[in-house]
Each structure stands twice: as C-alpha cells, then as structure tokens.
Amino acid sequence: MAYKIIGSTCSGCSACDPVCPNEAIREKSGVFIIDPAKCTECVGHFDTAQCVAVCPVDRCIVKA
Amino acid sequence: MQSAYISLGDLKAHRTALAAPAAPQASGCSTTGSAGKASCGSSDGPGDMPAEIWEKVKNHPCYSEEAHHHYARMHVAVAPACNIQCNYCNRKYDCSNESRPGVVSQKLTPDQAVKKVLTVASEIPQMTVLGIAGPGDALANPQKTFETFRQLQEKAPDIKLCLSTNGLALPDYVDEICRYNIDHVTITINMVDPAVGEKIYPWIYWDHRRITGYEAAKVLHERQMLGLKMLTARGVLTKINSVLIPGINDEHLMEVNREVKKRGAFLHNIMPLISEAEHGTHFGLTGQRGPSAQELKDVQDACAGGANLMRHCRQCRADAVGLLGEDRSDEFTLDKIEEMEIVYDLEKRREYQDKVEAERQAQHAAKEAALAAAGGDDGMKVLVAVATTGGGKVNQHFGHATEFQIYELTGASTAFIGHRRVDLYCQGGYGEDEQLPSIVNAINDCHAVLVAKIGACPRDELKAAGIEPVEEYAHEFIEKAALAWFADYRRRVAAGEIEHIERGDARIRQGAVMAA
Ligand code: SF4
Ligand code: SF4
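Chain order of the listed sequences is A and B. Just add 18 to wherever you are in the first sequence, counting from 1, and you've got this note's numbering. Residue 54 in this note's numbering sits at position 58 of the second sequence; the count goes up by one each step and never skips.
This is chain A alone, in the form it adopts within the complex:
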C-alpha cells in the first residue's frame, strides 16, 4: 500500500512534499521520493492521495 514517484518525469517542483499527511516525501538529488514504509495512500486522512492531486506532471506519481 504505497505510491511511488517516477523520478524521470518528476520536475522537482516540491508541491507534493508539504501536502503529505505522513511526511513520507523527501527530496533526493533534485527529484522527490516517497518512503513506502510511511505512505498510507492517505487512507484515514483524505479521500484521495494528496501528492497525486497536487502533482502537475501527469502519471508522475503512481501506485507502487
């Protein structure tokens, strides 16, 4: 149960980082990554995955 960021399409805009309720997202060499151990797919917090809702790049964040 986790999402992942496809690094090759990530623009590094950082929009996803602050919206995650679980602090699962951090920067790593210019792009962002999700810690699968922390990601709950937002279940229990919000109806939709917050990082997916805010990410400006289509299909950049997908189910792992």
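There's no promise every hint is true.
Per label pair, the in silico range of CB-to-CB distance [stated by the list, open to error]:
{"hint": "1", "chain 1": "A", "residue 1": "T27", "chain 2": "B", "residue 2": "T105", "range": "21 to 31 Å"}
{"hint": "2", "chain 1": "B", "residue 1": "A365", "chain 2": "A", "residue 2": "E45", "range": "56 to 66 Å"}
{"hint": "3", "chain 1": "A", "residue 1": "I24", "chain 2": "B", "residue 2": "G209", "range": "21 to 31 Å"}
Hints were generated in silico from the structure; no laboratory data involved. Glycine included, every Cβ here is placed at the ideal spot set by N, Cα and C.
Following the hints, put chain B with the ligands in place on chain A, whose structure we already have.
Relative to the frame of chain A, chain B with the ligands by itself:
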C-alpha cells in the same frame, strides 16, 4: 481558435461603448485629452491615484515608467511549488506569467536567496526591489517565502519586498503579508467569469482535492476577489497581472479591469500570451497563438480609463538581475556568490540612490521642457523605438540592443507604451543578418528607431523597410530626443521632402527555449 477571435473592429466598437461609463473615474487622465490618456499609467503624475499611493510608487522600478530606467529589481526563485495548473504554463520551466516561458531559474533555499540578494544589492546599488514570483506560487510555498522575507527585512531594511500569486491561497496569508511589511502584491487575474476561466485553468488543488472545470475556475475567482478586497482593506498596494489570450479573454479583460479597479487594485498590467509549441504548454501544443503588438495595444488602450494601466512589464526571466532588459544573473550564480565577500553598506547605497534620483529628476525636467516647446497636437501620431541601457537616455548601440522601448508621440505628448524584445543583432562584432528581419518585424509599427549609433548595413535595411534610423540625438534624454525628431519629421512632411505613411503591425517575439 482563429474563428473565435474577435476582430479589431469589434474591439474598437466595444471600447466606444465603454468610454462613457469609464469617463468619470478617469478624471485625472482625461484632462490631458485623448492622446494623453495612454500615458496615464504612472509616468506623468498621480492621475487618478490617491496621493499616498503615488508617493509609494513614483520611484518604483516595477511601477513607475520613469523610475524603471533608473532603478533595478530582482527576483529569487524560492517557491517552486504551485497549487493550480494554467494552460500557458509548463511546469518544467518557469511560470510564463511573470517570466519568459522556456527558461529555467536556479532554485534557491531561503538562506541562499538571502545571500544572493545581499550580494547583488551590494554590487548594484540601484537594486531596490526584491520579488518572489514564479516558477511556482509564492503563497503555495508560504514557509520558504516568508522565511526569505523575514531575513531580508532584518538584514536589508531598505529593500522593498514584493510577491506574486495566483490568489488561491491569498486570503489565508493576508495577516502574514502585513506582518512582513510587504511593499506590494501582484495577483494574476485572467478572468472574472468562471466560464472564461475554465478555458485557462484545467484544475486547482483546493481543500485537499483536485478540482477541475467550471467549479475550479469559480473557486479560484472567488478567492482572488476575496484576497484583493482583504489586501485593499489593509492598505497593501495590489497590482493585477493579466495574460492576454486572443479568442479567450481579450474582450473579457475590460471587464476584469473594471472589477479589479472596483476592488482597489492600483495598477493593471496586461501582457501578451507567449505561446510556441516547443514550450510544451497546453496552449503552445494546441496552436493557441499570442496577440500581435497592435492587438495588445488595442486591449491596453481600451482599458486605459479603468484601473491604471502598466505597459512596461518585460516578462523578464524570474531570476533576472539588472536594469531594463539587462540581465546580469550570470554574475551571481550560486557558486560565484559563495565566494564573494559581502559588506552591506546602507550609507553607500543611499548616496548612490540620491545620485540616481537627481538623474531621474533631470530626465523629467527635460521631458517637461520638450513638451512645453512642442508644436501642439495636429492629429499626427507615430511610434518610435528607442535603444537605451537606462538612465533615461538614448544611449545604446543598435547592434547591442536586446529590447527597444516604444513611445507614442503626438505634437503635444509622449507616452511610453511598452518594450519589444529582439534577438541581438551584433554578436561578437559581426552583424547577424538573419536577425535583422526579426528586429524589423518587432518594431515594424514604428516610424523611427533612436539609437546611440548604428552600422551602415542595418541602417540601409531599416530605411528600406520604412523605419528611419536616427543617431542625431545620441545621449540625450529620451522624451526630449523623440520630440525633437518628431518636430523635424513633421517639418520635413510639411515641406514635402517626405510623405507621411501609416505603419503596419508588429510581431511580439516568442522567446527562445532554454536560452538565458
Ligand atoms: S499517497 Fe498520501 S501518504 Fe502516500 S506519499 Fe502521497 S500524500 Fe503521502
Ligand atoms: S509534485 Fe510531482 S513533479 Fe513536483 S516534486 Fe512532487 S512528484 Fe515531482
């Protein structure tokens, strides 16, 4: 797209219809007559601006058409995240609202940004304004934005701070904006009708959801209007930016102008959509074109009676440093500023700025004198292009110009109407003949180009295109030079030496992808 575009004739008819209700608001401007109207932005005087606002903006490099020849501003890119998607934006690059599309700014942390600002301000004493704009939205990154402001307020109290936002998050941060004494806020408002807005904004991130379509535009519109009203109530200067998108919001921008003026915006800046397929934006890929120079001017003129209009926004790259079209950002890259020793000398900056202010006053006096001596309005109206590196003078070589300042002249007025970016004609000593036609296209609506100097080859080609190259007024103040040339031009027309011919339209340069 093309077929939906309203014709210029329609636009003009619309303008006439608007003229009557707009007139009472434009009291300060209308006294100078119709020709003077175009100049009622912020060049000649307070116009219909309250005195305290005029006091704040008269030396402002962003707002005062005169001051922007003498003072400089810079932007730092500390806020890369955004909370909406615009069809004229490709998030791989900078925001094409404030900045040129297809350009990437160096992303900075607040600490890096503060160091950079202090370094630039020490090296360039004319640097008096710091902005946080795109890429991204300043208020979608509130921690980074306000941390940068907090440090700067402490370390460089004489620098004015400003930010740009799409307005979605604005109502939540009005208190914070007041706490840091932000000099002015720019809101990008492209519509006041969600039916127009849904063609510009595919989605917004709002209340922990992605919202699309009409509803998205409606929420954005309501937040923008609320934010503007709140800023006005707190006395924060607020400017509105609008991107003119032919066929989508061109006609509508007059309504935007009315609505934002009503809610207290002190300036309205209408800028052209810049759109090319290679920018990878939705508009670029779907063939939505940007406006021509004449189309832009028509909409700006039609709005001139409403909120004060600003015409000198240059959509510079977001991390540009310098005066006018100049960009010295290469001197201040992260690696370079790491090595620079900085001494922030307030006293030295103030002394220098006093000198700059004296120069600005001299330019203003020269303009007033030239206007007083001018022959009077006989209905003839022309545009001229001017090559300048700042200081309010005709002081740039034609071949070194990367942009021209455009002035509209009548026998009784001069009005700055905008700038045109061009490709550098002179590259390392050789004239680039491929560039010349594009320069001619960019200033094709002008009767003359005033320069400090020009080579024989471009001179002949400009003449052949019907644009008179003029070197006689090198190093004179711009308005004085332009009026003197125009008086001579009219003398020659009257004497039958030359024939006065109306000029055509000009093309707005679309900006090179990735090139700095
Ligand atoms: S899906 Fe939710 S929990 Fe997982 S990384 Fe994205 S925002 Fe965080
Ligand atoms: S929002 Fe998307 S593009 Fe931006 S940093 Fe996160 S994953 Fe990358």
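Each hint tested on the structure:
1. A/T27 with B/T105: 21 to 31 Å: 24 Å, holds
2. B/A365 with A/E45: 56 to 66 Å: With Cβ atoms ~58 Å apart, the hint holds.
3. A/I24 with B/G209: 21 to 31 Å: At roughly 27 Å between Cβ atoms, B/G209 and A/I24 fall inside 21 to 31 Å, so the hint holds.
The structure agrees with every numbered hint stated previously.
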